[in-house]
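Colleague: Could you build all of it, start to finish, from the sequences and the hints given here?
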Amino acid sequence: MLNYEPTTILAEPETTSSAAPETAPTPNSTGAEAVLNILLAEGVDTIFGYPGGAIIPIYDALYDFNDRLNHVLVRHEQGGIHAAQGYARASGRVGVVFATSGPGATNLVTGLADAQIDSTPLVCITGQVFAHLLGTDAFQETDIINITTPVTKWNYQVTKAEEIPEALAKAFYIARSGRPGPVLIDITKNAQLQAFHFAPYAPCAHIRSYRPVPIVRPEYIRAAAALINQAERPFVLWGQGVILGKAEQEFKAFIEKSGIPAAWTILGAGALPTDHPLNVGMLGMHGNYGPNVLTNECDVLIAIGMRFDDRVTGRLDKYARQAQVIHLDIDPTEIDKNVAATVPVWGDCKETLPLLTALVNAKSHPEWHQRFQNYMAEEVAAVINDELFPTGEELTMGEVLQQLNELTEGEAIIVTDVGQHQMVACRYAKFNHTRSNITSGGLGTMGFALPAAIGAKFGAPERPVVAIIGDGGVQMTIQELGTIMQTGVDVKIIILNNRFLGMVRQWQELFNARRYSFVDIQSPDYVAVAAGYRIAGRRVETRDELQPALRQMLEQPGSFLLEVMVAKENNIFPMVPQGCSVAEIRLC
Amino acid sequence: MTRQEYNITAYTENQVGLLNRIAIIFSRRKINIESLNVSPSEIEGIHRFNIVITETEDVVSKLARQIEKQVEVLKVYYNTNADVIWQEMALYKVPTDVIAEKASVERLLRENGARAVVIRKDYTVFETTGHREETDNLIRVLQPYGLIEFVRSARIAIIKASDGFNHKLREFERREPSEDVSENEFLNSRDAVFTM
Ligand SMILES: Cc1ncc(C[n+]2csc(CCOP(=O)(O)OP(=O)(O)O)c2C)c(N)n1
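Chains as they are written, first to last, in this note's numbering: chain A, 1 to 588; chain B, 1 to 196.
Read the hints as simulated data drawn from the structure, not as lab findings.
Warning: the hint list may mix true and false statements.
[Unchecked claim] The list that follows gives simulated cross-link-like pairs (lysine-lysine, DSSO-like), each with its CA atoms no further than 27 Å apart:
id : chain 1 : residue 1 : chain 2 : residue 2
1  : B       : K75       : A       : K337
2  : A       : K170      : B       : K75
3  : A       : K350      : B       : K75
4  : A       : K170      : B       : K69
5  : B       : K69       : A       : K350
6  : B       : K102      : B       : K121
7  : A       : K337      : A       : K246
8  : B       : K69       : A       : K246
9  : A       : K337      : B       : K30
10 : B       : K168      : A       : K170
11 : B       : K160      : B       : K69
12 : A       : K350      : A       : K252
13 : B       : K75       : B       : K168
14 : B       : K30       : A       : K318
15 : A       : K363      : A       : K257
16 : A       : K350      : B       : K62
17 : B       : K62       : A       : K318
18 : A       : K337      : B       : K69
19 : B       : K62       : A       : K337
[To be verified] Rough simulated footprint, nothing fancy, chain A against chain B, three-plus residues with beta-carbon under 8 Å:
id : segment
20 : 11-25
21 : 165-175
[Said to hold, decoys possible] Computed footprint of chain A on chain B, listed as stretches where at least three residues anywhere in the stretch have a Cβ under 8 Å from a Cβ of chain A:
id : segment
22 : 55-67
23 : 72-80
Cβ atoms here follow ideal geometry from the backbone N, Cα and C, with glycine treated the same way.
Modeller: Dropping the structure here:
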């Protein structure tokens, strides 16, 4: 097909020995070229990757696809996969990663685990040693299929070019359908080099053993509606399922008709605008006061596209025992996994929510809403005011978010790392749009934010992207500043520097008698580091400088690194201490 | 909730790596697989896993769903021992001279439903098939005669109430899932299954 050089494959014993019989259709493509043509056919525009010996044939083919596929050269494969995650979550499309065999492939493992637990659609393509060397401990051979089995939705090793079309078609179908997840396709070098007959590509739409979209069962919809209609204190919990199902409108219609207060998991944030009157806040360990306390007082709990993670439920045997539970989820293994459902609504919420909306009565539950507002007033007085509008000398993380909100007005994509700053950002960032909060929720992967923000910007180039990162996490993937430098991608980076591994320090303060064991972390001069990468930067130490600096960061074209020195020993509250019930949430 | 033996039957595609994908569902939860057999099924190209574990029904039902969630798994059932017909096979190697001299071989074979597979000058191999107690029993019987080697196969089990997988497979092969295929065994029989 394209610039195919027969000599390159004749060097391979595999391909010459398996020479096609006379009658076979003539080869028109190498495996490597087929990979790239399939990516185009699947609508891929961006690849995050890093080359190496076992994937050189694909990179060689890429040389001629440069005009059609944007390959982003990252600085570390972990950065590449987190970038692909950011891309997928900002755009709703499948993120694509290339890595070489051995260390390149093993560097993907953290990102795969993260994408698996946060249901992010990815197709990762790794190079592998020649098929005839498999199992010989060849140079850079690693058994990446077995290493990644627990952290992929599906994986497959290709050893012949003929397998490439079907394997990749299945990969994209599996990654994006049903409950999305990461897929890894490992392609041996001989298969990349091999010439074969590449028939017109047919995407996959059916695998007989795989049923991503369950049939909706009307009797459960009716039972759910009946429960909701007789409820006096119904409460909706929503998660990322609403976003993954692209069901934001259906969700909004449902809660607006039923008038039910709704709270979110951190991965669900943004599916409903922050300012929506029915949005009562965040669930979980550092969530809002009312949603946690009232979980144990509602009479009907309606969980939509969420999985009752332990950070959300706290102590399970004291979680919403009084409530009848309606659980809407596309993944049957989630139903009854942690919390028993009175009514299981197994299905795609884009399909089930409208059916439910049609059957529920229009209501408003004013007294019930008032209870959430009362708790919010208490939380504002006890926690939020001091955090967002502090009067002490030291800067708080919350006031940085507050100032940022005023400038971005909820239009930005906020990408966070893991720790105290993540909780502050999720609690206080304002979101007008879905796919605006990108964070490592299930795995809690420090180092996620910087590369994920790069990917998010590629996935949603029209939107401002602000990464909010701790001084610990930023040092885990700081090398991706090189990716920003080389691609010129416009990412705004805020480092909230408390000179501690803050979240661990908070636990050590509260639960280990302030024995600060290895949480005192030093930082380089970040502005100087940024300058080394030719990225503009600024450091802020006082309140007066904060707003002008944020304004400069947002207004100045191109990427920008803003380091804000915040209070060293601030704690995140409210907090449901581990092992406690949601009703035992502490305000201080 | 009482723990008891459960027989998990999974119908799967024939795919390299699937065994590992299924095995780690158990090992991740530190659950010991007591017996594992993979064989062809009544349908060409479709494999049948028989897995035996001792667990509560609550745990088994969750494991079954996790297995069924795997892309290449078509269907999973789980049954108590009472709901299946099951067999295990065992081989026993004993020194021929001892056994011929000291035992009434004929009675021994008859009483234990065993038969001789190989008889050589130096050793004899017996075989028996049955439930665990039966195969275990023959070990005890043969131990005094200098049992040299013993091996027992994995359990194979047929579900009493099953009418096979053929009709289901035809539904699976259709592009649009039918009611029958999309049924969730676990949601359908929730009252019977869920114990939380
Ligand atoms: C890769 C990884 N290693 C360790 C942890 C454990 N951990 C969770 S939060 C945290 C502290 C994060 O510190 P920093 O990045 O400075 O953010 P802060 O909490 O101070 O906002 C640590 C070490 C983790 N989540 N991820």
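Colleague: Please go over all the hints and tell whether each is borne out by the structure.
Modeller: A quick look at each hint next to the structure:
1. B:K75 with A:K337: Holds. B:K75 to A:K337 sits at ~19 Å (cutoff 27 Å).
2. A:K170 with B:K75: holds (20 Å)
3. A:K350 with B:K75: Distance ~26 Å between A:K350 and B:K75 Cα, so the pair holds.
4. A:K170 with B:K69: holds (16 Å)
5. B:K69 with A:K350: holds (21 Å)
6. B:K102 with B:K121: Distance ~15 Å between B:K102 and B:K121 Cα, so the pair holds.
7. A:K337 with A:K246: holds (24 Å)
8. B:K69 with A:K246: It holds: about 22 Å lies between the C-alpha atoms, which stays within 27 Å.
9. A:K337 with B:K30: holds (17 Å)
10. B:K168 with A:K170: Holds: B:K168 and A:K170 sit about 22 Å apart, inside 27 Å.
11. B:K160 with B:K69: holds (24 Å)
12. A:K350 with A:K252: Holds, at roughly 11 Å.
13. B:K75 with B:K168: The given pair, whose Cα atoms are some 9 Å apart, holds under the 27 Å limit.
14. B:K30 with A:K318: Judged against 27 Å, a Cα distance of about 26 Å means the pair holds.
15. A:K363 with A:K257: At roughly 7 Å apart (the allowed maximum being 27 Å), A:K257 and A:K363 satisfy the hint.
16. A:K350 with B:K62: Distance ~25 Å between A:K350 and B:K62 Cα, so the pair holds.
17. B:K62 with A:K318: With Cα atoms ~21 Å apart, B:K62 and A:K318 stay inside 27 Å; holds.
18. A:K337 with B:K69: holds (14 Å)
19. B:K62 with A:K337: holds (7 Å)
20. 11-25: Contact hint for the segment 11-25 of chain B vs chain A: holds, 7 residues under 8 Å.
21. 165-175: Since 4 is at least three, the answer is holds.
22. 55-67: It holds, with 3 qualifying residues against the three required.
23. 72-80: Answer holds; 3 residues pass the 8 Å Cβ test.
Going down the numbered hints, you'll see the structure goes against none, and every one checks out.
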